[in-house]
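Going down the list, the sequences are from chains A and B.
Numbered as in our numbering, the first sequence ends at 114 without a single skipped number.
Numbered as in our numbering, the second sequence ends at 114 without a single skipped number.
These aren't lab readings, by the way, just hints derived from the structure by calculation.
Where is the CB? At the ideal position from N, CA and C, for every residue including glycine.
Each hint can be trusted.
Some, not all, of what chain A presents toward chain B, calculated at C-beta under 10 Å: (1) Gln6; (2) Ser9; (3) Tyr32; (4) Phe89; (5) Ser95; (6) Gly107.
Lysine to aspartate or glutamate pairs mimicking DMTMM-like chemistry, simulated, CA-CA at most 25 Å apart: (7) A/Lys42 / A/Asp59; (8) B/Lys9 / A/Glu39; (9) A/Lys42 / B/Glu72.
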Amino acid sequence: GENVEQHPSTLSVQEGDSAVIKCTYSDSASNYFPWYKQELGKGPQLIIDIRSNVGEKKDQRIAVTLNKTAKHFSLHITETQPEDSAVYFCASRISSGSARQLTFGSGTQLTVLP
Amino acid sequence: NAGVTQTPKFQVLKTGQSMTLQCAQDMNHEYMSWYRQDPGMGLRLIHYSVGAGITDQGEVPNGYNVSRSTTEDFPLRLLSAAPSQTSVYFCASSRQDRADSPLHFGNGTRLTVT
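Isolated chain A (complex conformation) (with noise of 0.2 Å):
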């Protein structure tokens, strides 16, 4: 089956900085790749999401890239802010049948220092 992995496990920026999460995925029929942000308390919430026939999404201050042929994908945000300051999952899926199941990297804590 399909395996995510997701680094780094934990990451510290400076408020203003820039991060970066990085996943690999192993399936090459995967299609569909989404990242969910995850406050203390709440479940995962989607936040940016990118399909294989696109190389680069933007939305505001957050960004995802994929490659498909190293199988990697990456999420950016930049100028962070404290309220950035969650979890975060990398995802992906096969889209067969009627089992549309997402396979979830392990999630990156990340902590925006003041």
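For chain A, the structure is supplied; the task is to place chain B on it using the hints.
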């Protein structure tokens, strides 16, 4: 909008006890699923359902049962709790008709088995 509602928020069980974690969604989503979240292991799929009367196993189904009698509700049953089931449990739902429909998560149930 309520979205995905999970109850209870916290639960302590003794080994061998049984209980049901409740999940309800008001978005008319066909797809519902249960995940467990453990430190360093991300989110792992326990069971999922693509519609009323249809359920299937995920990555870690042992020790858990589910049923789907209505579109709105997807309870998770622990028949004989074990300390290895100490975890945070999340219910999630999404549309079924689009492969890239985002998952909507509840706020979780923190379960401790002593």
